[in-house]
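Residues per chain, in single letters:
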Amino acid sequence: MKSLGSIRRDFAPWNDPNAKPYIQFDNVTKKFGDFTAVNNLSLTIFEREFFALLGASGCGKSTLLRMLAGFEEPTSGRILLDGQDLRGIPPYRRPVNMMFQSYALFPHMTVENNIAFGLKQDGMPKPEIASRVAEMLKLVKLEQFAKRKPHQLSGGQRQRVALARSVAKRPKVLLLDEPLGALDKKLREETQFELMDLQQNLGLTFVVVTHDQEEAMTMADRIAIIDKGEVMQVATPAEVYEAPGSRFVAGFVGNVNMFEGKIARGEAGSASIDAGNGITIRTDNAGTAGAGTAVTFAIRPEKIKVSSKKPAEAVNAIEGEVYDIAYLGDMTVYHVRLDDGQVVRASTMNAARITEDPLSWNDRAWVSFRPDAGVVLTR
Amino acid sequence: MSSAAVTTASAPATNAGGSALARLGAAFFGRLVIIVPYVWLLFFFLIPFVIVFKISLSQTAIAIPPYTPALDFSGGISGFIAQLKQLSLDNYTWLTQDALYFNAYVTSVIIAAISTVLTLLVGYPIAYGMARAPATIRPTLLMLVILPFWTSFLIRVYAWIGILKPEGLLNQLLLATGVIHQPLIILNTYTAIFIGIVYSYLPFMVLPLYSALEKMDYSLIEAAKDLGCPPTGAFWKITFPLSLPGVIAGCLLVFIPAVGEFVIPDLLGGSQTLMIGKTLWNEFFANRDWPVSSAVAVILLLLLIVPIMLFQRAQARAQEMDR
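Quick note, the sequences are listed as chains A and B, same order. Per this note's numbering, the first sequence starts with residue 14, numbered consecutively. Per this note's numbering, the second sequence starts with residue 2, numbered consecutively.
Please note: incorrect hints may appear among the correct ones.
Here's a subset of chain A near chain B, in silico, CB distances under 8 Å, partners left out [stated by the list, open to error]:
id: 1; residue: ALA82
id: 2; residue: PRO104
id: 3; residue: MET111
id: 4; residue: PHE113
id: 5; residue: SER115
id: 6; residue: PRO120
id: 7; residue: GLN134
id: 8; residue: PRO138
id: 9; residue: TRP379
It is worth saying that the hints were derived from the structure and are not from the lab. As the structure is a computational prediction, the values presented were derived from the model and not from experiment. Backbone N, C-alpha and C fix where the C-beta goes; we use that ideal spot for every residue, glycine too.
Could you build all of it, start to finish, from the sequences and the hints given here?
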C-alpha cells in the first residue's frame with residue numbers, strides 16, 4: 014500500500030524511526046470529576062506537521078488542545094513540547110498560541126490592537142510591533158480594516174483577525190479549535206486552502222481540532238481519530254479513508270458498506286468471506302485473519318459498480334434491486350437492496366453526460382467490485 | 002457549529018390582507034406605547050418639579066401653606082399675573098450668602114464620592130466572584146445580594162447603631178479578642194456614614210457590575226493568557242475595561258442617591274455631620290422654611306443632572322458595544 018502516503022510526498026517524519034517527536038502526549042488522562050475526557054492517550058506530532066484531531070463533539074479532542082495550551086492540566090501522564098515537560102507551565106509562558114472557536118477577539122480593541130496584543134506582552138519595541146502588525150494584516154488581507162472594532166467586521170473577517178492574532182507571535186505550535194466552524198461552506202473551502210498555504214509559508218506546526226472530516230482530510234498531513242477520549246487511529250487522510258483500522262474509523266470517515274461474516278478460507282492475505290445468505294466475498298486484503306475469524310468487510314461506495322447485467326469478469330457480483338437513486342450532478346448514488354435485505358450504497362461518477370442503459374427504480378441490478386476494493390476489519 | 006451554507010430566505014411579509022384600518026390601529030397602539038412613559042414623567046416628575054421650583058421662588062409666611070404667594074385664580078388673570086410678579090430669586094441668593102449651604106453641598110459630594118469608591122472596592126470582588134461562580138449557584142448568590150431589600154431600610158440602618166456604638170457588638174468583639182483595649186468611637190463620625198452608605202447601597206453597585214461581568218466571554222481571558230498576558234494583566238487589560246459600563250452604572254446608582262442621603266447621616270453621623278439631605282430636612286421640618294428648602298432641592302437636582310447625563314451617555318455607549 015505504498016500509495017497511501019502524505020500529499021506532501023517528501024514530508025513523512027512519522028515513517029522515519031529517527032525523527033524527533035515535537036509534541037508528545039504520554040499516557041495522558043484527564044478527568045473532570047467522574048467523567049474521563051481523555052483516557053490514557055498517547056500521541057506524537059512532528060515539527061511542521063499539520064495535524065488534525067478529528068472526532069464527534071464531546072470526544073475529548075478539545076480537551077487535548079486545551080491541555081496543550083495550558084488551560085487544563087492532565088490528571089496523569091505528561092505532555093512534552095520539543096523535549097520540555099509542559100506540566101505546571103501556565104498558558105502565558107507556553108510557546109504555543111491558540112485560535113479560539115469563538116475567535117475571542119477583544120471587543121474593546123481595534124483590529125490592529127488585537128493583533129498587537131501578544132507582541133506588546135512580549136515587550137517588543139514599538140516600531141517592530143507596527144511592522145509585524147502590518148505584515149499580519151497584509152497576510153490576511155485586512156489592511157484597510159486595521160482601525161475597525163471586531164463588531165464592525167463580518168464573520169469571515171473576524172476569523173482572519175483571530176488567525177492573524179494567533180500567528181503574530183510566531184508560536185512554535187499553533188492550535189486551532191474548529192477554526193472554520195463558524196464560516197459558511199464556500200468561505201470554509203477557500204479558507205482551508207489559505208490555512209494550508211499559511212502553514213507552509215510560516216513553517217509552523219499546526220494542531221487543528223475539528224468535527225468536520227472533510228476539513229481534516231483536506232488540510233491535515235495526519236489525522237488522529239478520537240472517540241471517548243481514546244485514539245482510534247492516527248494516519249494520513251488517504252490511509253484513514255482507504256485502510257481504516259477499525260469499524261469505528263471506517264464508519265466515521267466517509268460512507269461505507271459493511272458486510273459481517275466469517276473467513277471461510279484464506280491464504281497469504283487473500284480470502285473468501287462467507288457473509289451469509291449465500292454471499293461470498295473474495296478479497297485480497299484479509300491481512301493475517303485466519304479461517305474462522307469473525308470479520309467485517311468494509312467497502313466504499315465509489316468502489317462498487319452497479320450494472321443491469323452480471324459483469325462477466327467480476328470476481329464479486331451480488332444481485333439485488335435498485336431501491337433508491339440520488340442524482341447529485343457530478344455523481345449518482347444508487348441504493349441497491351440485496352436479496353437478503355441489506356442495502357448497498359454505490360456511487361458512480363457521471364463522467365459522460367449521457368448514459369446508455371440507465372438504471373431506474375426497482376430494476377434488477379448487480380453490484381460488483383474488485384477483490385482489492387475493500388478492507389477486512391477485525392476490530 | 003457546522004453551520005452549513007443555508008441562507009434562510011426570509012419570506013416577504015405577507016401583509017396583503019392587512020386592511021388600512023388595522024394598520025391605523027397598529028400605528029395608534031405604537032404611539033400609545035411611546036406616550037405612556039412621557040405621560041408618567043409629566044405627572045410624576047415634571048409637574049411636581051414645577052411646583053417645587055415655584056415654591057423656591059416664593060417667600061415664607063405664617064400661613065397654610067407656609068409660603069406666599071399661593072397661586073390661585075380667585076383674582077382672575079390679572080390677579081394671577083400680580084401674584085407671579087411676587088416671585089423672586091431671593092432664596093437662591095440666600096443660599097450663596099450663608100456658607101452653611103455651600104459647605105453642606107461640598108461635604109455631601111465628597112462623602113458620596115468617597116462612599117462610591119469604597120462601595121466599588123467592596124462590590125467589584127463580590128460581583129466578580131458571583132459572575133465566575135458555577136452557573137448553578139449564581140441565582141442563589143444573586144438572591145443573597147437582593148435579600149436585605151426584604152427588610153426595612155430604616156431598621157437595617159438602626160441595626161448598625163447597635164453594632165457601631167461604643168458598647169456595641171463590634172467593640173465587644175474586638176475587646177474580647179484583645180485586638181483593642183479601648184472601645185473605638187465609630188458611631189456619630191463620618192466613618193459610620195461611610196459604613197452605612199457602603200452597606201446600604203452595595204446591591205446597587207453589585208448588580209450592574211455582575212450583569213456586565215457575567216455576560217463577558219471567559220474565552221477572552223483565556224485568549225489574553227494564551228497571548229502571554231499574566232492573570233493580573235488580563236484583568237486590567239480585558240476584564241476591567243469590558244466591565245466599565247457596569248462600573249459607571251454602579252457608581253452613579255450609588256453616588257446620585259448618596260449625595261442627597263438623609264437617613265444614614267442622621268442616624269449614624271450624629272448631629273455634627275453636615276450633609277445636604279439633612280440640611281434640607283432641617284429647613285423643611287425644623288425651620289418650616291419651605292421656599293429655602295425647595296431652593297436647596299432645586300440646586301441639588303441641578304447638581305445631580307451632570308452625573309445623570311453621564312450615566313445616560315454610558316448606557317448608550319454600552320448598548321452600542323452590545324450590537
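Going down the list of hints, with the structure as the test:
1. ALA82: It holds, given that the least Cβ distance between ALA82 (chain A) and chain B is near 6 Å, below 8 Å.
2. PRO104: holds (4 Å)
3. MET111: holds (5 Å)
4. PHE113: holds (5 Å)
5. SER115: With a minimum Cβ separation of about 5 Å from chain B (threshold 8 Å), the hint on SER115 (chain A) holds.
6. PRO120: holds (7 Å)
7. GLN134: holds (4 Å)
8. PRO138: violated (16 Å)
9. TRP379: violated (35 Å)
In summary, the numbered hints that this structure violates are 8 and 9.
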